[in-house]
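S.K.: Below are the chains, spelled out letter by letter.
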Amino acid sequence: MVCAGLETLVDNSITGILAFPTSCDYYFYAKIMFAFWLIIAFTLYRADKDRYIKSDFISAMGVSAIATIFVSLIGTLLKIIQPDIFITIFVIGMVLIVFWLLKK
Amino acid sequence: MAKFYELFTNFMLIGLVVLSMFAFSVFFQEENNVEDPFIENTLMNNTYHSLYTNLNSLRDESQAQKTLFESENPTGGFGTILLFSIVSSGKVFNGMVVGIFNTLIKLPVVILGIDPVVVSVLSTLLILTIIIGLWIIYKLGG
Chain A
0 MVCAGLETLV
10 DNSITGILAF
20 PTSCDYYFYA
30 KIMFAFWLII
40 AFTLYRADKD
50 RYIKSDFISA
60 MGVSAIATIF
70 VSLIGTLLKI
80 IQPDIFITIF
90 VIGMVLIVFW
100 LLKK
Chain B
0 MAKFYELFTN
10 FMLIGLVVLS
20 MFAFSVFFQE
30 ENNVEDPFIE
40 NTLMNNTYHS
50 LYTNLNSLRD
60 ESQAQKTLFE
70 SENPTGGFGT
80 ILLFSIVSSG
90 KVFNGMVVGI
100 FNTLIKLPVV
110 ILGIDPVVVS
120 VLSTLLILTI
130 IIGLWIIYKL
140 GG
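In order, the protein sequence lines correspond to chains A and B.
Mapping the first sequence onto numbering that gives the first Met the number 0, position 40 (from 1) lands on 39, and the numbers just tick up by one.
Mapping the second sequence onto numbering that gives the first Met the number 0, position 67 (from 1) lands on 66, and the numbers just tick up by one.
With the rest of the complex left out, here is chain B (with noise of 0.2 Å):
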């Protein structure tokens, strides 16, 4: 039902083909001499830069989690092992599929005019599947 890893990694996944994307095409129109490069438009300039800094930004944070995991030790609980750093890692992973959602659904908002309504519906669901994978993984580990 709502796998937080494979969620996750899609969202990884759409950021990194957006973002080359977006690369390719400024690169080639700069190369290119292009007159009016679309990235001169506002919001895309935006778009791209925060969508560079959002992927820019996953390697130190996932490090950061990483440092975080291994200097724990784990405590004995009822037939399981406690690990609270996996609440943490759960906290800044998620931030991250959303910060990638919000950057990319300004485009389609502002460029083809999709109605709020649709957005906020599109939000609810991502966010109650965020909270129940990470349910899942804090209650079962996986």
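This is chain A alone, in the form it adopts within the complex (with noise of 0.2 Å):
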């Protein structure tokens, strides 16, 4: 994939170069989102298997569920997190936190 360099950027505000990426990946933000619950959800059943015998690792996905909402909500507001991808966000966490508060 070959994006524009960065001299084609036409806003110069912090919103506008977090917004650069999408224009060569529209996925970009999903993606990073992706990575962060990952990272979340991994480090909480990290936590959890040090602190207990037996760690769930279905509820630390829901829980990082909720973390990524939430970051990518902020993402809406700084115009870097399209709607579609947030709804696609937001359904894919429901899920997992259903999941989560089933198996309770």
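No wet-lab data here; the hints were simulated from the structure.
Each computed DMTMM-like pair below joins lysine to aspartate or glutamate, with the alpha-carbon atoms no more than 25 Å apart: (1) A:Lys78 with B:Glu29; (2) A:Lys30 with A:Asp83; (3) B:Lys90 with B:Asp59; (4) A:Lys78 with B:Glu34; (5) A:Lys102 with A:Asp55; (6) A:Lys30 with B:Glu34; (7) B:Lys105 with B:Glu39; (8) A:Lys78 with B:Glu39; (9) A:Lys78 with B:Asp35; (10) B:Lys65 with B:Glu5; (11) A:Lys30 with B:Asp35; (12) A:Lys102 with B:Glu5; (13) B:Lys2 with B:Glu60; (14) A:Lys78 with A:Glu6; (15) B:Lys138 with B:Glu71; (16) A:Lys30 with A:Asp10; (17) B:Lys2 with A:Asp55; (18) B:Lys105 with A:Asp83; (19) A:Lys53 with B:Glu5; (20) B:Lys105 with B:Asp35.
Simulated DEER-style distance windows between Cβ atoms: (21) A:Ala66 with B:Glu60: 29 to 37 Å; (22) A:Phe33 with B:Ser49: 27 to 35 Å; (23) B:Ser122 with A:Leu17: 39 to 47 Å.
The beta carbon of each residue, even a glycine, is placed where N, CA and C say it ideally should be.
Please assemble the complex out of the two chains, which come individually in their own frames, going by the hints.
M.R.: This is the structure in structure tokens:
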């Protein structure tokens, strides 16, 4: 994938710079959010593993889904996450939260 | 195995958590004047309002069932007490669980493109659990 150089950047504000990667990869921040979710989930799982004998990955996934939804909500405010991507993140997060709460 | 009370509590909790996430997201975007709020999506809007209506009716429905339960005169059965209002409560409360399930399942089906077969299997599992749970309540009283 070839992206345009930074010299083509029109909006020099923080929002414009942050939104720049989406000009060549529409799903750039969706991937970032997935990585964020994965990192939080594994961090929570590892922390639980140290604390309890039996740790629970589903609850770690559910909790990190809530965090990811809120971070992507802030992303919609900064216009770096498009509404359709936010809806997808919201629905996937909701499914994970439902699994977590049903398991309880 | 199939405890109706736990199933009902879980579904109400799920409904409340999802509704609060919806509400927070909607208010957050409204307060900050986001140009293209996600609630403008028809499916999200319908789900939000349907969930709100479902949970809002909970109080009135449970109050009606409580009144019905209180008004009934217990009849002595063979080694037990018969209360027919529990059947009515079962019908009403299982309707609420199925209502919340049907409201929430639309989102993954439309947005994520989940196959209807998966939904069919999940619905069957849920309905079977409800039937067995209610039968245990009717038979044993809890």
